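Place chain B on chain A using the hints.
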Amino acid sequence: MATTVINGKELVVDDEGFMTQYDEWDENIGQELATAIGVDMTDDHWKVIRFLREDFQVKGETPTIRRVSTAGGVDTKTLFRLFPKKPAKKMSYIAGLPKPHGCV
Amino acid sequence: MTATAEMIVPSFDDDLETDRTLAIICSKGSLDMAYPGLILGNAALGEGVDVHLFFTFWGFDMITKGRMEHLKFSPVGNPAAHMPAALAPLPGMTSMATHMMNKSLEELDIPPVPEFLELLKASGAKLWACRLSADMNHLDESDLFDDLDGIINASDFIELTEGAQLLFI
Chain A
1 MATTVINGKE LVVDDEGFMT QYDEWDENIG QELATAIGVD MTDDHWKVIR
51 FLREDFQVKG ETPTIRRVST AGGVDTKTLF RLFPKKPAKK MSYIAGLPKP
101 HGCV
Chain B
105 MTATAEMIVP SFDDDLETDR TLAIICSKGS LDMAYPGLIL GNAALGEGVD
155 VHLFFTFWGF DMITKGRMEH LKFSPVGNPA AHMPAALAPL PGMTSMATHM
205 MNKSLEELDI PPVPEFLELL KASGAKLWAC RLSADMNHLD ESDLFDDLDG
255 IINASDFIEL TEGAQLLFI
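Those sequence lines, one after another, are chains A and B. For the first sequence, my numbering gives the first residue as 1, with consecutive numbering after it. For the second sequence, my numbering gives the first residue as 105, with consecutive numbering after it.
Read the hints as simulated data drawn from the structure, not as lab findings. Heads up, a few of these hints could be off.
As the list claims (entries may be wrong) - Cβ-Cβ distance ranges computed for the label pairs, FRET-style: (1) K77(A) with G170(B): 23 to 33 Å; (2) E245(B) with T3(A): 55 to 65 Å; (3) K9(A) with S259(B): 57 to 67 Å; (4) Q57(A) with S246(B): 42 to 52 Å; (5) K169(B) with Q21(A): 41 to 51 Å; (6) R50(A) with L212(B): 18 to 28 Å.
What the hints assert, rightly or not - According to the in silico footprint, chain A covers these stretches of chain B (three or more CB under 8 Å from chain A): (7) 135–148; (8) 210–223.
All figures in this text were calculated on a predicted structure; none of them were measured in a lab. Note that beta-carbon positions come from the ideal geometry of N, C-alpha and C, so glycine has one too.
Just chain A, with the same shape it has in the complex (with noise of 0.2 Å):
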């Protein structure tokens, strides 16, 4: 465990930088996240770190990227496109979620 700091607020983070505290996340905290790992966030991006967000508080995990699709409307390819190369971690630590624990 540990903080990091971010637009002056302190944020307890994991070893590897996530954010643990749900409620310690607003949109500028976001956006400060996607830029920090070169994400250019554009409303297709917003769409979804904030069903990641909704999906969090109903089901208690993050969702994977499979229900992302299934669930949340956005396909698989486009979540590719939008997170290249590891998306589901990437998606994940822009919404100040854990990394997700499912295997599919």
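Positioned in the frame of chain A, the structure of chain B alone reads:
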């Protein structure tokens, strides 16, 4: 004002010219042995690894229309299935075991084989069918999964997977 100097940022290997490639040979056609390849392939894709799946021998059933939705699991000859050996070959046991396995998979939202293959394609995997298996079974492209990348022979496969990590299932 951002204090980026104090930010812990994970590395997502974007700068790495990662040519990491994983080739998975799927040679089994039972329900239980179909999934390891699919799941590992999917996991690798999610980590930015290039993935090739090669379907050969019994694994051909995973990409054959009409068979891919009906893969079975039998406890016969499989001590890991935790069933007394004498019971395993009894009529109905294979159906029951298959049904139970499919139910478990569904409960965890693991897609059936055809849908899983589509997910893999959408995520960038290359799916290859074995030429020899196609010939032995007298099958061609029209009998197989529509989104295959091709029917190739063993030499093609070896060329394709130069430098790749190999997994034989």
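Each hint tested on the structure:
Checked against the hint of 23 to 33 Å, the pair K77(A) and G170(B) passes, with Cβ atoms roughly 27 Å apart. Roughly 57 Å separates the CB atoms of E245(B) and T3(A), a value that falls within the hinted 55 to 65 Å. The beta-carbon spacing between K9(A) and S259(B), approximately 58 Å, falls within the hinted interval of 57 to 67 Å. Under the hint 42 to 52 Å, the C-beta atoms of Q57(A) and S246(B), about 47 Å apart, fit the expected range.
Distance hint for K169(B) and Q21(A): a CB-CB separation of about 49 Å, consistent with the stated range 41 to 51 Å. Checking the proposed 18 to 28 Å range against R50(A) and L212(B) shows it holds: the Cβ atoms sit about 25 Å from each other. Only when three residues or more bring their CB closer than 8 Å to a CB of chain A does the claim for the stretch 135–148 of chain B stand; here the count is 3, and the claim holds. Given a C-beta distance limit of less than 8 Å, the hint that chain A covers the stretch 210–223 of chain B holds, as 6 residues qualify and 3 suffice.
Comparing the model with each earlier hint shows no violations; every hint is respected.
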